[in-house]
Amino acid sequence: MSGSPDTALEMRGIVKEFPGVKALKDVTFSCVQGEVHGLVGENGAGKSTLMKVLSGVHPYPTYDGEIFIKGKLARFPGTREAERAGIAIIHQELNLIAELTVAGNMFLGREPVKRPFGVIDIKKMNADAQKYLSAFIMNLDPGTLVKDLSVGKQQMVEIAKALSINAKVLVLDEPTSALTETETACLFQVVRELKKQNVTMIYISHKLEEIFEICDRVTVLRDGETVGTQDIRDLDRDKLVSLMVGRDLTNLYPERAARIGDEVLRVSNLNVAHPFLPGERVVRDVSFSARRGEVLGISGLMGSGRSELVTALFGAFPADVRGEVFIEGRRVQLKSPRKAIRDGLALVTEDRKQYGLVLDMSVGENVTLACLDTISPMQWIPAKRELECIDKYLKELNIKAATHRVAVKTLSGGNQQKVVIAKWLANAPGILILDEPTRGVDVGARFEIYQIMNRLAEAGVCIIMVSSEMQEVLGMSDRILVMHEGRLTGEFTRAEATQEKIMACATGAAPAAHGRDS
Amino acid sequence: MGKKNPVLNFLIENGMYIVMLLIFVYFAASAPGFLTANNLARIPLQSAFVILIATGMTMVIITGGIDLSVGSVVAFTAVIFSIILKRYELAVPLAVLAALAAGSLSGVTSGFFVVKFRVPPFIATLAMMTIARGLARLFAQNTKIFIENPGIEKYSDFIMIKQVAVTEAIGIPYLVILMLAVVTLLGLVLMKTRFGRYIIATGGNEEASRLSGVNVNRVKFLVYVINAFLAAAVGIMMASKFMNGNPEFGVMWELDAIAACVVGGTSLMGGKGNIFKVLLGALLIGMLDNGLLIQGRSSEMIYIIKGIIILGAVIIDQIKER
Numbered sequence: 001m002s003g004s005p006d007t008a009l010e011m012r013g014i015v016k017e018f019p020g021v022k023a024l025k026d027v028t029f030s031c032v033q034g035e036v037h038g039l040v041g042e043n044g045a046g047k048s049t050l051m052k053v054l055s056g057v058h059p060y061p062t063y064d065g066e067i068f069i070k071g072k073l074a075r076f077p078g079t080r081e082a083e084r085a086g087i088a089i090i091h092q093e094l095n096l097i098a099e100l101t102v103a104g105n106m107f108l109g110r111e112p113v114k115r116p117f118g119v120i121d122i123k124k125m126n127a128d129a130q131k132y133l134s135a136f137i138m139n140l141d142p143g144t145l146v147k148d149l150s151v152g153k154q155q156m157v158e159i160a161k162a163l164s165i166n167a168k169v170l171v172l173d174e175p176t177s178a179l180t181e182t183e184t185a186c187l188f189q190v191v192r193e194l195k196k197q198n199v200t201m202i203y204i205s206h207k208l209e210e211i212f213e214i215c216d217r218v219t220v221l222r223d224g225e226t227v228g229t230q231d232i233r234d235l236d237r238d239k240l241v242s243l244m245v246g247r248d249l250t251n252l253y254p255e256r257a258a259r260i261g262d263e264v265l266r267v268s269n270l271n272v273a274h275p276f277l278p279g280e281r282v283v284r285d286v287s288f289s290a291r292r293g294e295v296l297g298i299s300g301l302m303g304s305g306r307s308e309l310v311t312a313l314f315g316a317f318p319a320d321v322r323g324e325v326f327i328e329g330r331r332v333q334l335k336s337p338r339k340a341i342r343d344g345l346a347l348v349t350e351d352r353k354q355y356g357l358v359l360d361m362s363v364g365e366n367v368t369l370a371c372l373d374t375i376s377p378m379q380w381i382p383a384k385r386e387l388e389c390i391d392k393y394l395k396e397l398n399i400k401a402a403t404h405r406v407a408v409k410t411l412s413g414g415n416q417q418k419v420v421i422a423k424w425l426a427n428a429p430g431i432l433i434l435d436e437p438t439r440g441v442d443v444g445a446r447f448e449i450y451q452i453m454n455r456l457a458e459a460g461v462c463i464i465m466v467s468s469e470m471q472e473v474l475g476m477s478d479r480i481l482v483m484h485e486g487r488l489t490g491e492f493t494r495a496e497a498t499q500e501k502i503m504a505c506a507t508g509a510a511p512a513a514h515g516r517d518s
Numbered sequence: 001m002g003k004k005n006p007v008l009n010f011l012i013e014n015g016m017y018i019v020m021l022l023i024f025v026y027f028a029a030s031a032p033g034f035l036t037a038n039n040l041a042r043i044p045l046q047s048a049f050v051i052l053i054a055t056g057m058t059m060v061i062i063t064g065g066i067d068l069s070v071g072s073v074v075a076f077t078a079v080i081f082s083i084i085l086k087r088y089e090l091a092v093p094l095a096v097l098a099a100l101a102a103g104s105l106s107g108v109t110s111g112f113f114v115v116k117f118r119v120p121p122f123i124a125t126l127a128m129m130t131i132a133r134g135l136a137r138l139f140a141q142n143t144k145i146f147i148e149n150p151g152i153e154k155y156s157d158f159i160m161i162k163q164v165a166v167t168e169a170i171g172i173p174y175l176v177i178l179m180l181a182v183v184t185l186l187g188l189v190l191m192k193t194r195f196g197r198y199i200i201a202t203g204g205n206e207e208a209s210r211l212s213g214v215n216v217n218r219v220k221f222l223v224y225v226i227n228a229f230l231a232a233a234v235g236i237m238m239a240s241k242f243m244n245g246n247p248e249f250g251v252m253w254e255l256d257a258i259a260a261c262v263v264g265g266t267s268l269m270g271g272k273g274n275i276f277k278v279l280l281g282a283l284l285i286g287m288l289d290n291g292l293l294i295q296g297r298s299s300e301m302i303y304i305i306k307g308i309i310i311l312g313a314v315i316i317d318q319i320k321e322r
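Line by line, the protein sequences are chains W and A. When we follow the working numbering, the leftmost residue of the first sequence carries the number 1, and every step to the right adds one. When we follow the working numbering, the leftmost residue of the second sequence carries the number 1, and every step to the right adds one.
To be clear, the hints were calculated from the coordinates, so they are not data collected in a lab. Where hints are given, some of them may not hold.
Unchecked claim - Reference listing, derived: stretches of chain W covered by chain A, where coverage requires no fewer than 3 residues with Cβ under 8 angstroms from a Cβ of chain A:
id : segment
1  : 278 to 292
2  : 365 to 379
Stated by the list, open to error - Heads up, simulated DSS-like pairs for lysine-lysine below, C-alpha to C-alpha not over 27 angstroms straight-line:
id : chain 1 : residue 1 : chain 2 : residue 2
3  : A       : Lys-320   : W       : Lys-353
4  : A       : Lys-277   : W       : Lys-392
5  : W       : Lys-400   : A       : Lys-241
6  : A       : Lys-320   : W       : Lys-335
7  : A       : Lys-241   : W       : Lys-409
8  : W       : Lys-384   : A       : Lys-162
9  : A       : Lys-192   : W       : Lys-395
10 : A       : Lys-272   : W       : Lys-353
11 : A       : Lys-192   : W       : Lys-400
12 : W       : Lys-339   : A       : Lys-116
13 : W       : Lys-147   : A       : Lys-116
14 : W       : Lys-409   : A       : Lys-320
15 : A       : Lys-306   : W       : Lys-339
16 : A       : Lys-320   : W       : Lys-400
To be verified - Computed footprint of chain W on chain A; a stretch qualifies when at least three of its residues, placed anywhere within it, have a C-beta under 8 angstroms from a C-beta of chain W:
id : segment
17 : 194 to 201
18 : 211 to 218
Every residue gets a Cβ at the ideal spot worked out from N, C-alpha and C, and that includes glycine.
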């Protein structure tokens, strides 16, 4: 059926729809036996969905199209069957049990046992584990507890586990996002070794330098479609970037008539330590400023330190933060969210269910949660005053809820997001930070959120928007900062910014030349 | 929530009230003497101490915590109060203040460990439970400390406390009036004040609350202090009522209080609860105790039946959640 005999895997005409969204529209993808095949694209391009279809997370027949493994039609009703066919995914989040040994994890659920009592044969298990570990130059004692291993080593255990289940196609999903440079080098060594042993690998990464270093071929996805598959030798960074972003801006972004005023925020040499890796930093020497009435976009790929930067500014990042921050010329300490709110900051967090809303509380109670200090200076909450505040923002932001008394969890994603924004507006912040303000929000509510941002900017609020959506950053920002591996690698005005320039800075492909020349 | 059957829905929505009504009717029919004004008035009086503790417990549970120490704190405070009166012959108001402070200190300690060292509330208050009980027995040297010679002038204030614990006004015991006042006060704090709102928010989503500027550590700390303060007040009244400080006061009361909270619909996951419903929950349990006793059931049977009813109440709540 499939092209040549050495085609390990082929996916044809894959279409996957979710309610309201077509995540994959006619994707074609194939791997040659023993190659390392890069899979790239912007966030939301469909990489993860495609891999979920391949691995049976989205089982047949919830998608359209055909999958061939070694030329044979495969229709996986679940992940187990996909695993049996030799498909293994190493996820970004590792799935190991910290209190078990390396071998214990590798053979979890299929431990060799001694008859007649079914006691685990630890000796044999360790020996078996050793076989797989040493097969690809892994210097690791199978008796070590997984919790005593670094993240990099843990990932190796996952890979060894996959191989011990006889994986033929190994999918590595952003494998280096939590690794140090040394660990990354180590991983690449293993990948090369596996390649020699004819294992096919699909390598998903936002870091283009890695794609160029390790992959043989690369497939680019954009908006759920295959842009193309090319030999890595025929590409350079610029070409790859333009394949990833090459599309027109649609007219999704409303006009804004804000007057940009004085500087309200100045950050100088901000450094944020890594929460668990000692010596590592997630934000490095970042300096920038923002003005009244300005929308400052912060772009960057996943793991570039964008969210860490704004969370630290809000006094909410659980690690050491160094540097100086001035608000309206006054030096402020980044001690706690409470303090940050008093300094006039507001942060609409990335994950509204986890960090933005108290889901069981009512819409109204969520709206006033951050401004109760002002509504009720003496402990008692005056019902009328609270209601006035709630009504004002429900109207102003056009929040669609039956009444303000319904639990906020019953609202749609877009309305929930507007409730989070309302909570902060009720506090009249001078600086509003929005982290991924339109994630999981439908197109209509999205437009409304942009309009709200514009109105605020016009009223003189300084808006800082973190977004991984290139179009959104380009469409909304007056000025754009780009981050890569914790550093600022680019700064553009709205006029000079292009998707290609931003992508080049975001992937570390461009030298930080655009620096501070605006 | 199933919308198919309106009758079933109504039953589930009002489960606790219906169960309460059924039990009431059952005892009225089967336990002679249950349905008399005298007996019915006894139920809130018998439950008053546990209800006082349960109101504080409700706040703790809403933040997502639990407090196992309050029963021991009752005994600890009763003993401290009695010793201060007897040995040091301090003026009664001073003795009351000292005992309240000593009892509250246990809440300060639990709260401190929960907030500062992230000790799970179950563990922190379990430790406090055994420590406070141990201290009570140690100070009392394992016997009751009797408060005697009440005739003396300086004990007149003390008699007043005793009267709160045992006498009544216009047919309602002072203790019940006090209990209702506390329930109303804390019920309003929970529903109508900023602090109450923060308690619910903290239990509902601690991280989101913290990011909204709520001082979640202060909220969590304070609920343990309030709960211990109420337990201390109960300890003082117990000592006054029985004229002694007994280190075995309040055994298992924390569990009775938790049961009342749960029957009253308080979610152990935090974020949800209503003190007035907890009052009803406690009265339901009190009514069971009272009715079963009148029926002449053995205490073993009463335990078993109570357990079953508690389980049933929670199951109704679980179904309601779905």
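> Okay, the segment 194 to 201 of chain A and chain W, do three or more residues pass the C-beta test at under 8 angstroms?
Replying inline: holds (count 6)
> Is A:Lys-241 within 27 angstroms of W:Lys-409, Cα to Cα?
Replying inline: Violated. A:Lys-241 to W:Lys-409 sits at ~49 angstroms, over the 27 angstroms cutoff.
> Under the criterion that the straight-line Cα-Cα distance not exceed 27 angstroms, is the pair A:Lys-192, W:Lys-400 satisfied?
Replying inline: Given that 27 angstroms is the threshold and the Cα spacing comes to 26 angstroms, the pair holds.
> Taking 27 angstroms as the top limit, are the C-alpha atoms of W:Lys-384 and A:Lys-162 close enough?
Replying inline: 43 angstroms, violated
>> Hint check: A:Lys-192 vs W:Lys-395, CA-CA at most 27 angstroms. Holds or violated?
In response: 24 angstroms, holds
> Straight-line Cα separation of A:Lys-272 and W:Lys-353 no greater than 27 angstroms?
Replying inline: The given pair, whose Cα atoms are some 17 angstroms apart, holds under the 27 angstroms limit.
>> Does A:Lys-241 sit within 27 angstroms of W:Lys-400, going by the straight-line distance between their CA atoms?
In response: 57 angstroms, violated
> If you draw a straight line from the CA of A:Lys-320 to the CA of W:Lys-400, is it 27 angstroms or shorter?
Replying inline: Holds: A:Lys-320 and W:Lys-400 sit about 26 angstroms apart, inside 27 angstroms.
> Per the coverage rule (Cβ-Cβ under 8 angstroms, at least three residues), is the segment 278 to 292 of chain W covered by chain A?
Replying inline: Not satisfied, violated; 0 residues make the cut.
> Between A:Lys-320 and W:Lys-335, is the straight-line Cα distance small enough, at 27 angstroms or below?
Replying inline: 41 angstroms, violated
>> Is the listed coverage of the segment 211 to 218 of chain A by chain W valid when you require three or more residues with a beta carbon under 8 angstroms from a beta carbon of that chain?
In response: Result for this restraint: holds, n = 5.
> Does the structure keep W:Lys-147 and A:Lys-116 at a Cα separation of 27 angstroms or less?
Replying inline: 25 angstroms, holds
Hints 1, 4, 5, 6, 7, 8, 15, counting from the list given before, are not met by this structure.
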